[in-house]
Amino acid sequence: MTEKIKAKIMDARKIKRALNRITMEILERNRDLDNVVIIGIRTRGIYLAQRIADIIKEIEKIEVPVGILDITLYRDDFSALHPQPVVKKTEINFPVENKDVVLVDDVLFTGRTVRAAMDSLIDLGRPKTIQLAVLIDRGHRELPIRADYVGKFLPTSRREIVKVHLKEIDGQDEVLITEPSEI
Amino acid sequence: MAFNHKHLLGIKDLNKEDILTILDTAESFREISIREIKKVPTLRGKTIINLFYEPSTRTRSSFEIAAKRLSADIINFNSSVSSVAKGETLKDTVLNLEAMRPDAIIIRHPASGAPYFLTTFCKSSVINAGDGTHEHPTQALLDALTIRQMKGDFSKLKVVIAGDILHSRVAKSNIFLLTKMGAKVVLSGPPPLVPPEFKEFGVEIDYNFDNALKDADVVMMLRIQRERQGKNFFPSLREYRNLYSLTPEKMKNAKKDAIIMHPGPINRGIELSTDLADSSKSVILKQVENGIAVRMAILYLLLGGGGK
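These protein sequence lines are chains A and B, in that order.
Okay, so the first sequence: first residue is 89 according to our numbering, each after it adds one.
Okay, so the second sequence: first residue is -10 according to our numbering, each after it adds one.
Treat the hints as calculated values from the structure; they're not laboratory data.
With the Cβ distance kept under 8 Å, some of the chain B side facing chain A (calculated, not the full set): (1) A(-9); (2) N(-7); (3) F18; (4) E20; (5) R24; (6) I26; (7) V29; (8) P30; (9) T31; (10) Y289; (11) L290; (12) G293.
Straight-line C-alpha distance at most 25 Å; calculated DMTMM-like pairs for lysine to aspartate or glutamate: (13) B:K(-5) / B:E53; (14) B:K57 / A:E179; (15) A:K176 / B:D62; (16) B:K145 / B:E6; (17) B:K173 / B:D7; (18) B:K57 / A:D165; (19) B:K28 / A:E185.
Ideal Cβ positions, reconstructed from N, Cα and C, are used throughout, including at glycine.
With these hints in hand, go ahead and build the complete structure from the sequences.
Structure follows, in structure tokens:
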């Protein structure tokens, strides 16, 4: 399937600003920063989580623990998928019990990934709060889920695809809207 | 990394990429077993039958724990307390169990090829947990996972497999797997138990155990399977012990950091000295631990996706 790019929504500067603002909001809302942990959802949430932690360190001189969550085993669409999705490791080397957990993902769409992430997280312990930070909220929720921190609201049609590229794995920072082109 | 198999009958049916997919998936599953809540919901609603026609401690309980950690329901079937004792055939037993709509049947059977026979009439996935003297694929996979964790790249390794090769399904699965992954495999043991025909599998044979052990990275000892031996394959147990028992003295031939493996159950003092079995070179309990992760990976890869 080929795709055509419809628009470039964000560049590196805009992404940086959005993450700065999200970080400020996290700091504002969580007075007790020692109780905060940041957990990125595979794959691109990991890098956004790390960047938020880096900004916190810059401003507050505090190192907030960062973890990685793989939600594959908690998906609700297994019977529809073939072949099976590749399972990668969850790497959370600290207890989440009673912590203020900030979950980080790149795009919030149907909400099913976040549902799976919350179930997965709760199996690891009972956090005090779970907050959600996303770079893009593109609408079309299928579950009663909303984000606490949003980089950009982006109204889209269901057909469209939102692509977040991050320099850690994609070589550059950008957010694109693409659409599958008919053949 | 698509894994396109419905059954797991033997290592022979897998290619290198399949094996790597299983090992990588197993590596991801290890973390679940050290959690406070050792369970994920992935195989919720799947039913698995453990069909064991031979005694087993490790394999049966390992499959059971693996299934439970993935939230599948598992039923244990023990041939000695079932209708098999009343004369029911394997086919009838399996057809009746199939009527209860399981998603997978894990079978151990004294007849080589029994798991394959099941696939000729079964709708469920069939997993070979050891068939006669043929294959024991999950054992070879957990051995491979252990070797990879301890030693890394297979292609640089010399692996010695010693003992009753002829009757060992573990040896056969390991030979298939290790040669596919590019390791150098050397077999050793009394000639009647290590027939030269095995060379056709791409391995070397050295009946002199000291020579075979030279510069080995991995030494895999096998149990003398007296229950499968109809006749005498060696003059006496004492002679066997003198020539082929792995002792600290013999182990000096291998590399300094070589590891010792054994699929269990161990006959202490026969194929493996107690000192070595309990030494830091022994990774026997690590093998058992890895068994859970490997079996979780197999169940996930065979039952996880939809429609085949």
